[in-house]
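K.L.:
Heads up: the protein sequence lines correspond to chains U and S, in order.
Residues 1 to 73 (the numbering used here) are what the first sequence spells out, left to right.
Residues 1 to 399 (the numbering used here) are what the second sequence spells out, left to right.
Keep in mind that a hint or two might mislead.
Below 27 Å or equal to it, Euclidean Cα-Cα: the simulated DSSO-like pairs (lysine-lysine) are [what the hints assert, rightly or not]: (1) S:K371 x U:K69; (2) U:K69 x U:K16; (3) U:K9 x S:K375; (4) S:K371 x U:K9.
These are computed hints drawn from the structure, not numbers from a lab.
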Amino acid sequence: MPGLFIDVKVDPEVAKDAGIAAKLEEVCPVGIFVAAASGVEIDEQNLDECVLCDLCIEAAPKNGVRVIKLYES
Amino acid sequence: MRFYEYESKALFRRHRLPLGPGQRVNSAAEARQAFGEIGGPVVLKSQVLSGGRMKAGAVKFAESADEAAEHFQSIMPIVVQGESARSVLVERKSAVAQEYFVAITWDGRAKKPVLVFSDMGGIDIEEVAETHPEHVSKTHFSSILPLSPRIAKEAVGAAGVTGAALNRLTPIVFELMKIFLAYDLTLAEINPLARLEDGSFVVLDGHVDMEAEARGNHKKLLEELGIGEDETRQARPPTDFELAGARVNAVDHRGVAGNVVEFDGNLGLVIGAGGGSLTLFDAVRQHGGRPANYCEIGGNPSVKKAEALTQLILSKPGVEKLAVMMNVVSNTRVDIVARGVIKGCIAAGRDPAETIAIFRIPGSWEDEGFKILRKYGVEYCDRSVSMHDAAGRAVAKIS
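Turn these sequences into a full structure, and let the hints steer you where they fit.
P.N.:
Here's what the structure looks like:
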């Protein structure tokens, strides 16, 4: 089930990078990112737990990860 | 969390407080055997957590083994203030010359432990304090600074005790002070503490209450005393609703969303923060509201936890609306709780705007939280509205 309040978009090229996937999984405090064999996967169950810490944005190349507040749209 | 008398005494025994011979028994045959082993007249006492055993006839004296067995049979079925006996404690009947009272509890106003001592034990201490105030001393002491036997001696002396009794009582009282602090107790009481005809002292009855939140710090002791983790020792057994609340809190380690207590009202409460739960619960009642529950949230619970708690409260029959109110929060995030309660409403098939009577959680990340609430049309307010007034607004939406 997608998040009601938060969505996360990962650039398709960035998503394929196993190194970045591992880093995203490591830095996210609420388990939104999963480092799978194919690269970054999003655990939708945890999207609404996002604490807006921006650690994922800093861990990825510029514009590689976007955190979207659905309640602002 | 209250200890049975036999558990309190087991704790006292570890600290070498003076106790007479005694055994806990579970059958008439064991009572008969205990009489023989103790040797002589005994007292049999029902093991219940409530008071009023003597008045209920659940304390009896036996002069023979047959009588001890008979008394066991008659005591066990007696229900004391709604509570059945767990077992019976058989102890030597003591030749008492004088009875004393000593208790340590927490004084919430002084924010310190208070030691209450009287040389008129064995009876209701409140009554003694009213009729013979000169026989009761109240002594506060620090829970941080090192303890000193001097404090115990002054407390005993202040009740008019002198001489050998003062010298013999002081180490007993001092040990009880140490026990109180070492085990995070909210009550450590000996009543009566008896001086026997030979001048020695013995603990005749004792009560211990441990702070429920401290159970985790004393797992080894509780295990050794045979107190299981599932023994809540509450005034009544938890309801299914309350058990479900405990499961919600156990979902993950983040924050607290629990301590749920069920009431029969129509206003569900998601409340907490720095004493806010009690204040807000009282405020709702002051405004004539009927809470459906008490609960405590704080410590920044996860969205899932807040959601599950909300869903649980809304699942209770008769709950018309929900009041989400907290004191000013610092580590708990307003936006996280807002997400949780809105998700809980939606999961329960309820419209958040119609269901949440008021959302009053000011503090950390409130701007973000208020954006969420606006999006879903939920009425909210900041710290310029007092907790009391917020409770009034919630009640007004129901009545």
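K.L.:
Hint by hint, say whether it matches the structure.
P.N.:
Comparing the hints with the structure gives:
Our distance criterion of 27 Å between C-alpha atoms is met by S:K371 and U:K69, whose separation comes to about 10 Å. Taken as a hint, the U:K69 and U:K16 pair is honoured in the structure, with Cα atoms around 24 Å apart against an allowance of 27 Å. At roughly 22 Å between alpha-carbon atoms, U:K9 and S:K375 fall within 27 Å of each other, so this suggested pair holds. Distance check on the hinted pair: S:K371 and U:K9 sit about 21 Å apart at the alpha-carbon level, within 27 Å; holds.
Checked against the numbered hints above, the structure breaks none of them.
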